[in-house]
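Undergrad: The lines below spell out each chain.
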Amino acid sequence: MKLITFAGPPSSGKTSVILKLIEAMAIDVSQIGVVKFDCLTSFDNLRYEEKGVRVETGFSGKLCPDHFFVSNIEAAVEWGLKSGFQTLISESAGLCNRCSPYVQGILAVCVIDNLSGVNTPRKIGPMLKMADIVVVTKGDIVSQAEREVFAFNIRQVNTAARIIFVNGITGQGASLLARHLQGARDISSLRDMKLRFTTPAAVCSYCTGEMRIGAEYQMGTMKRMEFKTG
Amino acid sequence: MSAEKYLEMAIAVPLNQILAEHPICRDFFMNLRLQDLDWNLPLMQALDHSDQEAISEFGLDRGMILREFSLFLEAFSRVAADAAAIRSLTIIGGHGKSGEPEITQWTATVGEIISIVGPTGSGKSRLLADIECLADGDTPTGRRIHVDGREVDEGQRFDMEGKLVAQLSQNMNFVMDLTVKEFLEMHAGSRMTRDAEHAIARCFECANELAGEKFALDTKVTQLSGGQSRALMIADTACMSSSPVVLIDEIENAGIDRRQAIKLLAQKEKIVFISTHDPLLALSADKRLVIKNGCISRIIETSEEEKNCLDAIETLDATLLRLRTRLRHGDEISMNTLKGEE
Ligand SMILES: Nc1nc2c(ncn2[C@@H]2O[C@H](COP(=O)(O)OP(=O)(O)O)[C@@H](O)[C@H]2O)c(=O)[nH]1
Ligand SMILES: Nc1ncnc2c1ncn2[C@@H]1O[C@H](COP(=O)(O)OP(=O)(O)O)[C@@H](O)[C@H]1O
Ligand SMILES: [Mg+2]
Ligand SMILES: [Mg+2]
Ligand SMILES: [Zn+2]
Ligand SMILES: [Zn+2]
Numbered sequence: 001m002k003l004i005t006f007a008g009p010p011s012s013g014k015t016s017v018i019l020k021l022i023e024a025m026a027i028d029v030s031q032i033g034v035v036k037f038d039c040l041t042s043f044d045n046l047r048y049e050e051k052g053v054r055v056e057t058g059f060s061g062k063l064c065p066d067h068f069f070v071s072n073i074e075a076a077v078e079w080g081l082k083s084g085f086q087t088l089i090s091e092s093a094g095l096c097n098r099c100s101p102y103v104q105g106i107l108a109v110c111v112i113d114n115l116s117g118v119n120t121p122r123k124i125g126p127m128l129k130m131a132d133i134v135v136v137t138k139g140d141i142v143s144q145a146e147r148e149v150f151a152f153n154i155r156q157v158n159t160a161a162r163i164i165f166v167n168g169i170t171g172q173g174a175s176l177l178a179r180h181l182q183g184a185r186d187i188s189s190l191r192d193m194k195l196r197f198t199t200p201a202a203v204c205s206y207c208t209g210e211m212r213i214g215a216e217y218q219m220g221t222m223k224r225m226e227f228k229t230g
Numbered sequence: 001m002s003a004e005k006y007l008e009m010a011i012a013v014p015l016n017q018i019l020a021e022h023p024i025c026r027d028f029f030m031n032l033r034l035q036d037l038d039w040n041l042p043l044m045q046a047l048d049h050s051d052q053e054a055i056s057e058f059g060l061d062r063g064m065i066l067r068e069f070s071l072f073l074e075a076f077s078r079v080a081a082d083a084a085a086i087r088s089l090t091i092i093g094g095h096g097k098s099g100e101p102e103i104t105q106w107t108a109t110v111g112e113i114i115s116i117v118g119p120t121g122s123g124k125s126r127l128l129a130d131i132e133c134l135a136d137g138d139t140p141t142g143r144r145i146h147v148d149g150r151e152v153d154e155g156q157r158f159d160m161e162g163k164l165v166a167q168l169s170q171n172m173n174f175v176m177d178l179t180v181k182e183f184l185e186m187h188a189g190s191r192m193t194r195d196a197e198h199a200i201a202r203c204f205e206c207a208n209e210l211a212g213e214k215f216a217l218d219t220k221v222t223q224l225s226g227g228q229s230r231a232l233m234i235a236d237t238a239c240m241s242s243s244p245v246v247l248i249d250e251i252e253n254a255g256i257d258r259r260q261a262i263k264l265l266a267q268k269e270k271i272v273f274i275s276t277h278d279p280l281l282a283l284s285a286d287k288r289l290v291i292k293n294g295c296i297s298r299i300i301e302t303s304e305e306e307k308n309c310l311d312a313i314e315t316l317d318a319t320l321l322r323l324r325t326r327l328r329h330g331d332e333i334s335m336n337t338l339k340g341e342e
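Chains as they are written, first to last, in this note's numbering: chain D, 1 to 230; chain Z, 1 to 342.
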C-alpha cells in the first residue's frame, strides 16, 4: 500500500485537491482510503463519503495535533492494509506553523493557497519546508504576477520541492499531481520510521491543565518574551 | 555553477560580498530570523556569534544552514537563467463532446495571436486548459499538445512546469495590499529582472496607455478599477513575464484599449490565445479557432476584408462607450449622441 501525507493551513484546499486527485488517479474508489486528522470538528468526512471514499476521522482535542498524528498514523496504516487499499491518504489541518506531520521516506504534500498572502510561504515553517510536493491552489482568482511571486517565495523556503498548481474546484492540475504521486513508496508498516521534524516541545504546566496566570503557576518548558522599555 | 561551488563560496567569502552580488540572499536570512549577523564575516563564523536557540527552533544547526544556503544560491541562480523558450505549439486533435473526431493537427508559432470563438459551453476554456497542462490524451477532449513539433517528455514537463504559460481571466483580481509601484517591484524582484527600474517604468507606461482612466504609481492595486486592473495585468504579462505562451479567457467587458493590448502582446515573441466573444478582439488576431460542441471545427485566417472592418467596428465600439458614459453621468441620449455630434 502507498501512503501519502497531506498537510496545510485550514481551508487551503486540501480536501478539494484530494478529491480531484482521486478522480484523476483513475482507479476504483474502493482502492483508496483517507484518514482525516483534525482538532475539534470536521465535516470533510461527508465530502469524502459523498464520492464513495472510505474515511476515518480523528480529533486531537486537547492534544497537539502533531503528537496526535504520530501516535495514530501507525494504526491508520494497519487499518488501510486490512481494508485492502492500494493508496492511503492522510489529511492533517496544520494548525500551528510549527507543525509538520511528515514521516521520512513517506511522500509529503503541503497544500497552500494563493489567497493566504504572498509572504505566507515564508512564515509557514517545517510544514512547507519539509514537503516533497507543494500544491498551490486558488490560482484562478489572483493575478499571474501574484502567482509567480507566491511560487518564488515558496522556492525560497523549499528549494527542492516540486511546485504544482491545482485548481481545487475544476481539478485543473490534478492529473499532473497524480503523475508525481505514482512514485510514492509501497509500505507494509510504519514501525521504526521517523518523523521529519521534532514535534513542538511543550510540556509545561499549562499542557497539564493549569489555567491560572502568573509566574508561580508556570513550570516545565517555558519561553519568555523580552519587552524593551524606554 | 554547481551546488559544490556555491558551498565553497559560502564557506570562504564574507557575507556582505555575497549579498552585494546576490541581493536575493537577504531573504534567506530574513526567513530564518537571522537579521543581526556580522556581515563582514563568512557564514559559519557569523553564525558562531548568533542565537543558537533561535536556529534550533527552525530544526537547523550551523552545518545545515550552510548547506541550505548553498542550495538556495544554486536554486536562484537557476531562476535567473531560465526562460522556457519555445518556437511552436501543436494541437493534435481529440474528439468532441459526442465523441466526433476534430481536426487532425494544427500548429501555432511564436509571434502569432489566435482567438478562440464559439458559444458559451462549447469548450473554449477547455481548450485553454488543455494547452495549459500540455494535455497528453488525459483530458476529456483526448487532445495532445506538442512543443516544437515533439511530444513533451516527463523531464521537460517538469522543467517547464509553471514557466510555460501565463494566464489571464475575468475572475482574476489583485489581492496584495501594495501600491502599483511596490507590486511591480515585487514582481520584478521575483523574476530577478536585471534592469528592474526600466522594466517597471515601461510596464507602468504601457498599462496606462491601455487603461481608460489613468492611475498613479502610488495607487493601491486593490483599488484599481476593473479596466485598470486588466490593463496592468496585460502590461505586466507583456513586459515582465517571461512565459512564452499567454492564455486569455474572456476579458471583454473590462474597458481597456483592446486593439492596443493585442499589439503590445504581439510585439513580445509569444504565442497568445484569446477566448472571446468580442469582435474587436477576435478580428485583431491573426487566426481564429471556431469551437463547436467541444471540437475545433474550423480555423479561419483573418482576411484582409475582415481587417478592413476593424476601423468601422472600433467606431461602433466608441459609440457604445459614449452612450454608456453619458448614461453613467446621468445625461440624456439623442440621435446626436449616437452620431457623436455633441
Ligand atoms: N477559487 C478556488 N477555490 C478553491 C480552490 N480550492 C479550494 N477552494 C475552495 O476553498 C474552500 C476550502 O477548501 P477545502 O478543500 O475544504 O480546504 P481544507 O480545509 O484545506 O480541506 C472551499 O470552499 C473550496 O471550494 C481553488 O483552486 N480555487
Ligand atoms: N471535447 C470535449 N469532450 C468532453 N467535454 C468537453 C469537451 N470540450 C469541452 N468539454 C466540457 O464542456 C464544458 C464547457 O466547456 P467550457 O470550456 O467551459 O466552455 P466555454 O469556455 O466555451 O464556455 C466543460 O465542462 C468542459 O470540460
Ligand atoms: Mg479539509
Ligand atoms: Mg469559458
Ligand atoms: Zn502544532
Ligand atoms: Zn504547555
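Bear in mind the hints are in silico, worked out from the structure with no lab data behind them.
Virtual Cβ for every residue (Gly too), placed ideally from N, Cα, C.
Please note that the accuracy of each hint is not assured.
[What the hints assert, rightly or not] With the Cβ distance kept under 7 Å, some of the chain Z side facing chain D (calculated, not the full set): (1) ASP48; (2) ILE103; (3) ASN171; (4) VAL175; (5) HIS187; (6) THR237.
Undergrad: All the hints need checking, so say for each whether the structure fits it.
TA: Going down the list of hints, with the structure as the test:
no.	hint	verdict
1	ASP48	violated (22 Å)
2	ILE103	violated (23 Å)
3	ASN171	holds (5 Å)
4	VAL175	holds (5 Å)
5	HIS187	holds (4 Å)
6	THR237	holds (6 Å)
Hint compliance for this structure: hints 1, 2 are broken, all remaining hints hold.
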